[in-house]
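Colleague: With the hints as extra help, turn the sequences into a complete structure.
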Amino acid sequence: MLIFTLRRLNLFIFTMLALTLLSFSLSFLFPGDSIINISGAINATPSQLIEIQKAYQTDDNIFWQYIAYLKHIIQGELGISMASQSEISTEILNLLPATIELSLVALFIAMFFGIPLGFIAAIKHNKPADNIILSVSMVGYSIPVFWLGLLAILIFSINLGWLPSAGQISLLFEIKLITGIQFIDILLSDSPYKWQAFSDATLHIILPACVIAVAPATIFIRLARTSMIEVLGTNYIRAASAKGLTFQQIIFRHAIRNSLIKIIRHVGLQFANLVTIAMVTEVIFSWPGIGRWLIESIYQRDYTAIQSGLLVLSCFIFIVHILTDFIYAALNPLARGSKYGS
Amino acid sequence: MNLLDIRNLSIELIGDNQNILAVDKVSLSMKEGEVRGLVGESGSGKSLLAQAIVGVLNDKWHVHADRFHWRGIDLLRLSIEERKALLSRDIAMIFQEPMACLDPTTTIGDQLAEAIDASSLTGFFWQKQKQRHSAAIKLLHKVGIKSHSACLNSYPHQLTEALCQRVMIAIALARRPILLIADEPTAAMENTNQGQIFRLLSSLNQLKSMSILLISHDLENITHWTHTITVMYSGQFVEAGTTEQIFRKSLHPYTRALVNSSPSANFHLPAKSRLMTLPGSIPILQHLPIGCRLGPRCPRAQQACVKAPSVTNFHGHKVSCHFPLTPIKIQPKAVKGVC
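These protein sequence lines are chains S and H, in that order. This note's numbering puts the first residue of the first sequence at 15, with every later residue one more than the last. This note's numbering puts the first residue of the second sequence at 13, with every later residue one more than the last.
To be clear, the hints were calculated from the coordinates, so they are not data collected in a lab. Among the hints, a few may not be true.
Said to hold, decoys possible - Rough simulated footprint, nothing fancy, chain S against chain H, three-plus residues with beta-carbon under 8 Å:
{"#": "1", "stretch": "97-110"}
{"#": "2", "stretch": "114-121"}
What the hints assert, rightly or not - DSS-like cross-link-like pairs, simulated, lysine-lysine; straight-line CA separation at most 25 Å:
{"#": "3", "chain 1": "S", "residue 1": "141", "chain 2": "S", "residue 2": "276"}
{"#": "4", "chain 1": "H", "residue 1": "72", "chain 2": "H", "residue 2": "96"}
{"#": "5", "chain 1": "S", "residue 1": "138", "chain 2": "H", "residue 2": "96"}
{"#": "6", "chain 1": "H", "residue 1": "72", "chain 2": "S", "residue 2": "141"}
{"#": "7", "chain 1": "H", "residue 1": "43", "chain 2": "H", "residue 2": "220"}
{"#": "8", "chain 1": "H", "residue 1": "72", "chain 2": "S", "residue 2": "138"}
{"#": "9", "chain 1": "H", "residue 1": "158", "chain 2": "H", "residue 2": "220"}
{"#": "10", "chain 1": "H", "residue 1": "158", "chain 2": "H", "residue 2": "140"}
{"#": "11", "chain 1": "H", "residue 1": "154", "chain 2": "H", "residue 2": "220"}
{"#": "12", "chain 1": "H", "residue 1": "72", "chain 2": "H", "residue 2": "154"}
{"#": "13", "chain 1": "S", "residue 1": "141", "chain 2": "H", "residue 2": "96"}
{"#": "14", "chain 1": "H", "residue 1": "220", "chain 2": "H", "residue 2": "150"}
What the hints assert, rightly or not - For the chain H half of the interface with chain S, some residues (derived, Cβ under 8 Å), not all of them:
{"#": "15", "residue": "66"}
{"#": "16", "residue": "68"}
{"#": "17", "residue": "126"}
{"#": "18", "residue": "127"}
{"#": "19", "residue": "167"}
{"#": "20", "residue": "169"}
{"#": "21", "residue": "183"}
{"#": "22", "residue": "187"}
For every residue, glycine included, the Cβ atom is placed at its ideal position computed from N, Cα and C.
Modeller: In structure tokens, the structure reads:
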């Protein structure tokens, strides 16, 4: 297990290095002066500019420039935004938790509905239930998310008036920012209206999270279905039924765990897709997350923000990917131990 | 009374265009405490027959039988659930690849514990858990695994094939079955391990008077362990009798060819001469010959062989051939179909 952890850490470090290399090269590829792109100081006086150039070691060769850039990143200095002239790192710290919250809730909704539905479809293979679930998942996968989001607002917020259409929480509640994740902040706060705020935040997250969850859920349905069909055809399931276990016992004790192993790795892969969908959805639902901020900075040609936003977002996706790998190892004894010849 | 009595069992593979009769009217009967070998080339439907008896074939296969009695109970009259409950209580099966038949993500201990019959346990659930554990340890001791705690805590991929097969036997023994169906239990195993497994099975047969249906493609290897043998070819019944009858006085050309193809039956054969074999190979399921399926390969085939022969019984030595090899001295009363 230790070796497994070290391997993942190793992978993490090297991937992060590659990502920083990419974001560093972006500052040269974007139009304009590379030092301004990297620091975001568009209004700097000549003397300040010299300071910045010294800090980023622009006189040295490209390798030392990269090392200087890395040093800045490690110290948490991502430059200032070209558009608002505020520190990018503080902006990201304020915005990223909202995105983490939204995308994780969406991921859980997608898994909670997608995987069991896929299992049901596999158990009822080639029966009407299977066909219905498959066609519904096909429809769900084909709907573009921006249209679905607008449709959801139209139906549930405007026509029915059940759910709020925008924002993270009603402006009436004043919640102090501690961790940035709204639900935890609400629980930590000592406001007398804590539980009202909590239910209001829940109402706000339902619609965007469901809209994001639709496409991944349909993918999970298909993944769960194929893996369950595969597992149900294996010898150990046949042996278990010869052992005298009932069908339910076979499903719950043996089939589900084995098919989850096959799915869980794809969950990590699908998460990148989910975050992309979340970025679009954040714009539609004016969710104060990093996705909306990133799209706005693209509109404003805020190169410094784009660079750092990409870096942080991909880092987050990669961390989730590694976490799913750990869950995979916990479920699968074959992945845990040391392997020979691999 | 027969333990198991199956008459004319057919297994059909349901296809898109046509149905294929993979097993064609095979009869099989077993007595209490008997070790019966079921022998045939690969692809002769032995495993299918065994899986049909236990009832673990999937929907693609359609099973039909004229008679299916288990200890005098007509199973065909029971509903599917009742039949499954009865059979899973009394019949246990071990499979060809033991490693693939154990759930790779569950420890051996859990898989062994869940096979133990819940009705044999008493008390509350925490007591039951303890009883299950000790019963699992006892089962491992029965099949000759001494380091039980190491075995219980390991996963299938951490054990050898032979150990896995022992675990499979332990799982099979958990319900104290009356009949154990062993489907090529020693395939892909070394000779020493093969001997261990066979010795274990035969000691179970002698000590617990458990009947065993031993399926193998290797006639010579299992003759030491079996009392009676049934030979199948390409899904058809060939010959059944005691091991002595099959080995010494085989009546069917196919059985004779099987016996002759083993080196130990051919001591007198001069050095470097070829072993006796039948020409050709077993037909594939899509192109089964009509009548006696051995027809195209049989040295004694004649025109009559395009019709499937009926089973003839010579003092418990049953053979299904139009032209059996050794003419029988005493005039047999040829009983057709049933005996």
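Colleague: Determine for every hint whether it applies to the structure shown.
Modeller: Status of the hints after comparison with the structure:
Interface restraint, the stretch 97-110 of chain H with chain S: holds (6 residues with C-beta to C-beta distance below 8 Å; minimum three). Coverage of the stretch 114-121 of chain H by chain S holds [criterion: at least 3 residues with CB-CB distance below 8 Å; count 5]. Of the supplied pair hints, the one linking residue 141 of chain S and residue 276 of chain S holds, its CA atoms being roughly 23 Å apart against a limit of 25 Å. With a CA separation close to 18 Å, the supplied pair residue 72 of chain H and residue 96 of chain H stays within the 25 Å bound.
Taking the CA atoms of residue 138 of chain S and residue 96 of chain H, the gap is near 21 Å; set against the 25 Å cutoff, the hint holds. Between residue 72 of chain H and residue 141 of chain S the CA atoms are separated by roughly 15 Å; this keeps the pair inside 25 Å, and the hint holds. Between residue 43 of chain H and residue 220 of chain H, the direct Cα distance comes to roughly 15 Å. Compliance with the 25 Å bound is thereby established for this hinted pair. This hinted pair checks out: residue 72 of chain H and residue 138 of chain S have alpha carbons roughly 15 Å apart, not beyond 25 Å.
Under the criterion of a C-alpha separation no larger than 25 Å, the hint pairing residue 158 of chain H with residue 220 of chain H is consistent with the structure, at around 20 Å. Of the pairs offered as hints, the one joining residue 158 of chain H and residue 140 of chain H holds, with about 23 Å between alpha carbons and a cut-off of 25 Å not exceeded. Restraint check for residue 154 of chain H and residue 220 of chain H: the C-alpha separation of about 11 Å stays at or below 25 Å, so the hint holds. A distance of roughly 37 Å separates the Cα atoms of residue 72 of chain H and residue 154 of chain H; the hinted pair therefore is violated under the 25 Å criterion.
Between the alpha carbons of residue 141 of chain S and residue 96 of chain H the distance comes to roughly 23 Å, so the proposed pair stays at or under 25 Å and holds. At roughly 15 Å between alpha-carbon atoms, residue 220 of chain H and residue 150 of chain H fall within 25 Å of each other, so this suggested pair holds. About 5 Å separates the beta-carbon of residue 66 of chain H from the nearest beta-carbon of chain S, less than 8 Å, and the hint is met. With its C-beta approaching chain S no nearer than about 5 Å, residue 68 of chain H sits inside the 8 Å limit, and its interface hint holds.
This hint holds: residue 126 of chain H has a C-beta 7 Å from the nearest C-beta of chain S, less than the 8 Å allowed. At its closest, the beta carbon of residue 127 of chain H sits 5 Å from a beta carbon of chain S; the interface hint therefore holds under the 8 Å criterion. Checking residue 167 of chain H against chain S by beta carbon gives a least distance of about 4 Å; that is within 8 Å, so the hint holds. Satisfaction of the interface hint for residue 169 of chain H is found here, the shortest Cβ-Cβ separation to chain S being roughly 6 Å, below the 8 Å cut-off.
The criterion of a C-beta within 8 Å of any C-beta in chain S is met by residue 183 of chain H, whose closest approach is roughly 6 Å, and the hint holds. The interface hint given for residue 187 of chain H is met, as the beta carbon of that residue sits about 6 Å from the closest beta carbon of chain S, less than 8 Å.
In summary, the structure is inconsistent with hint 12 from the numbered list given earlier, while agreeing with all the others.
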